[in-house]
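J.: Given the coordinates of chain A, assemble chain B onto it according to the supplied hints.
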Amino acid sequence: MKRLPPISDIITILIIIVGTLGLITFLSGIFTGTEAFFYISFIILLAGTIVIPIIERRKNKKQLKEISKVINDLGKKDFGEILAEDYPGELGLLTRSLNKVSTQLKEDLHDLQIRVIRRASEISMRNAELRKKQREILQQNHELKAAYEALKESREKYEKLIEHLEDEYFFYSKALNNTLLFVSPSVKKILGYEVKEYRKRHHEIYTSNPINELARQIEENLKNGVPQPKYIKEIFNSQGKEKILEVSEMPVFNDEGHLVSIEGLAHDITEKQKAEDLIKEQEEKYRMLFTYASDIIFLYTLDITNQKLGKIIDANNYTIDRLGYSIEELRKMSPADLLAEADVSENSSNLKELTASDAKFERIWKSKNDEHLDVEISIHAFQIKGREVAIAVARDITQRKRAEEEIRFVNEELINQKENLESLVDNLTETQEQLVQSEKMAALGQLIAGIAHEINTPLGAIKASIGNMLDSLNTALSELPDLFQKQSVENLNLFNIIFEQARQGKAELSSREKRQYRREMANKLNENHIPDAELVADALVYLELFSISNELLSSLQKTDALKVIRSARNFISILKNTNTINIAVEKATKVVFALKKYAHRDSLGEKVSTDLTDSIETVLTLYHNQLKQGIDIVRDYDKLPLVQCYQDEISQVWTNLLQNAIQAMHLEGKLTISAKQEGNFARISFKDTGPGIEPDILDRIFDPFFTTKKQGEGSGLGLDIVKKIVEKHNGIIEVDSKMGEGADFIIKLPMETENE
Amino acid sequence: MNEKNRKVIICIDDEAIILESLREQLEKHFGDAYHYEVAESAEEAFEIIDDLEDEEMDIAIIVCDWLMPGMKGDEFLLRIDLKYPRVVKVLLTGQADQKSVDKLEELADQFTLVPKPWNKDELINIINSGLKENE
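Taken in sequence, the protein lines are chains A and B. Residue numbers for the first sequence follow the numbering used here, beginning at 928 and rising by one. Residue numbers for the second sequence follow the numbering used here, beginning at 10 and rising by one.
One chain only, chain A, in its complex shape (with noise of 0.2 angstroms):
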């Protein structure tokens, strides 16, 4: 088929053509130097690209159109369907070209197809091969990695061993006569020797230590051939230190079987049996510990997973001793068949043996002998190559177990004894009070008894005088007519001269003195020749007269003077009696009233203004029966101003120490009372004249029960009560006391105005 010339040829060659113009124009421009041509070369340039390229393009997408519409229908349909009478001129052709061109690419391409596929699928092979083996190299470069990387690391651990084995090695060989072949240079790090020093030096730096001896009996074997096991020897290094040396010797034999030589290596041991001696030692001391101890220890194994006890495996010879079993039979045995029954049911199911804790506990515990004893326990547990075990140490505490028990008896002991003495001070406190009640009471008693005396006279005066006066009345009544019928003048005469000297006051006479009168007046009548002188006289001094005027005399000679007398004294005997009577209410008025003010009772519990010397006499008038034996009262008393007391118990203070006075002085001497003003204070001092108080018993007479009487004669509590009572009232009391010269007791009572 013929080809047209394309359209871009064209329209190149025109720009060439265009351009060639516009390339001659400038270049003349330029040679000839005219403007003219510059421009118009500058005109065909512009036209030529511009106009020429706009005029193509138009053609050319005319072409296109048509080319496009013919690869549009082609694209429609296949090749060989468009005909080429379908379009006419040069599209007819080209159609028929193309249709023949796609047959043939057709072809081609299928060709090329197959082809392609093939060569894919050989390319694929060969990818998967090329994979392959760049793994199994990457593989082999990684595994050359590690190698190199082991040959490192084992090089540097060999170089290490090297260098270790030459601190702790050297190796030798030596002949049969001991002389050294040859000696790693180590020797001289281990023993400090150079090579050429050790080889002339090595058989004679052993030491004394007994284990040479040992070791040269070997290598004298050694020389035998006989092959050795490692011995040990010691020597000197250079600096004269033990070393200690493990040494292989091997004997080395020739092809015909002769020993030549020994190789040897020595390996320096020191530091290792230096150590292993400590731990030796160390576990030597802790089995001393163990063994020895004077605690109970033992071992035993524990079963953690079933929280069982195992059995006993190791004790020291104080469990032994103390448990009484041997160590064969504890071994079958484990810490809780050791329980006694008090402590079984209490702690079977609280095994405190399974745990170790700081805590300690306590067991009783049973020895084979079914001794009890009580023990506190620790446990402690470990590990030995995997077996939980345990260590317990066990205290006999039976002793202190017994002397606690003790301690809490005594303790109990006390305690109640604490309580009965609480109760006793009880009842005593209570029975000092009753005592001190009884004291009162006695002291009261006494006094009651004292009283009693002293009206019971007067009043036997008074029932004496009565009957005596009833009995002079009657007389006297009986001879009233014939005293005034048959009276002569004289016998009247006596009668007045009797009543006029009786009615006379007359000062009391003592009977001594009566006595001296009776009987210087019976003298007299007698050498008047009075008849019954005597009887006379005893009637006169009835009637009160002691002496015999002559006027009585002349007057007794003329009358039955003992009638007569006898009939006045009937009348002088009422007048008498009557007095007597009066004499004796008196005393027991006097007595009465005493009682009732010691006795007065109103203010009972309450402070009155008291008289105390007042108080003080009232108690000697309830005394008097027992002063008047033999104790002279001196009264030194000043005016007091009257004091706030409670009246009742300041009588019992003069009462106690009146009495002790008096017994003091045993009824005889004499008793100083005085009261006087000192200050704020009134003194009042009872001092006596008895024997005085032992100085050494002074602080003691006002201790309750303190008492120097005979027992049942005082109850000791009489001063106790005193000075409680002067204490009550805010006072003092003192005692001032010489031996030989009596007790002086002084009281200081502070003086209140009533107000206070």
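A portion of the hints provided could be inaccurate.
[Stated by the list, open to error] Pairs of lysine to aspartate or glutamate residues, derived as DMTMM-like cross-links and limited to a Cα-Cα distance of at most 25 angstroms, are as follows: (1) A/K1597 <-> B/E52; (2) A/K1485 <-> B/D41; (3) B/K129 <-> A/E1406; (4) A/K1127 <-> A/D1094; (5) B/K16 <-> A/E1454; (6) A/K1555 <-> B/D83; (7) B/K16 <-> A/D1398; (8) B/K37 <-> A/D1459; (9) A/K1441 <-> B/D59; (10) A/K1390 <-> B/D41; (11) A/K1651 <-> A/E1349; (12) B/K37 <-> A/D1487; (13) A/K1451 <-> B/E62; (14) A/K1451 <-> B/D63; (15) A/K1451 <-> B/D41; (16) A/K1451 <-> B/D59; (17) A/K1555 <-> B/D111; (18) A/K1555 <-> B/E53; (19) B/K16 <-> A/D1459; (20) A/K1441 <-> B/D41; (21) B/K37 <-> B/D130; (22) A/K1524 <-> A/D1541; (23) A/K1441 <-> B/E56; (24) B/K129 <-> A/D1398.
Just so you know, these hints were derived from the structure itself, not from any lab.
T.: Showing chain B alone in chain A's frame:
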């Protein structure tokens, strides 16, 4: 009546009112059959007794108070009993202290205890029966 034939009654009491009334009481009863002496203390009584011995007079009755200054009645009567066992001895006592009374009653062989205030007839009976015993 011869003075020396009369026996003596002695009353002893430190209280004049007792001494006087007692003496009068006894004198009214026994009259001139006896000689009467009074003393205010045991010591004085001893003086009287000495005098009576000088005068060779016999003592028949002693009535004595117990509680007196100086020697007490019981001691006095015991002394008298040693020398004059045949004398009737009465101890008058005003003491109500039972303990003392019990103690004195133990000496009933030596003297008779009569409490104050005494009954005249009782006292006389005691004396009379005493006198009778001694006859």
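J.: Can you confirm whether the C-alpha distance between A/K1127 and A/D1094 stays at or below 25 angstroms?
T.: 22 angstroms, holds
J.: Decide if the proposed pair is consistent with the structure: B/K37 and A/D1459, CA atoms, cutoff 25 angstroms inclusive.
T.: 17 angstroms, holds
J.: Can the restraint linking A/K1485 and B/D41 be considered satisfied, given a maximum Cα separation of 25 angstroms?
T.: 23 angstroms, holds
J.: Check the hint pairing A/K1597 with B/E52 against an upper bound of 25 angstroms on the C-alpha distance.
T.: 21 angstroms, holds
J.: When you check the alpha-carbon spacing of A/K1441 and B/D41, does it fall within 25 angstroms?
T.: With a Cα-Cα distance of about 19 angstroms, the restraint between A/K1441 and B/D41 holds, given a limit of 25 angstroms.
J.: Do the alpha carbons of A/K1555 and B/E53 lie within 25 angstroms of each other, as the hint requires?
T.: 16 angstroms, holds
J.: Taken at face value, is the distance from the CA of A/E1454 to the CA of B/K16 at most 25 angstroms?
T.: 24 angstroms, holds
J.: With the threshold set at 25 angstroms, check whether the alpha-carbon distance from A/K1555 to B/D83 stays at or below it.
T.: 17 angstroms, holds
J.: Are A/K1441 and B/D59 close enough, with their CA atoms no more than 25 angstroms apart?
T.: OK: A/K1441 and B/D59 at ~17 angstroms, within 25 angstroms.
J.: Can the restraint linking A/K1441 and B/E56 be considered satisfied, given a maximum Cα separation of 25 angstroms?
T.: Holds - the C-alpha atoms of B/E56 and A/K1441 are around 14 angstroms apart, at most 25 angstroms.
J.: Just to be careful, I want the Cα atoms of A/K1451 and B/D63 compared with a cutoff of 25 angstroms; is the pair within it?
T.: The hint holds at about 20 angstroms.
J.: What's the verdict on A/K1390 and B/D41, does the C-alpha distance respect the 25 angstroms limit or exceed it?
T.: 23 angstroms, holds
In this structure, every one of the numbered hints holds.
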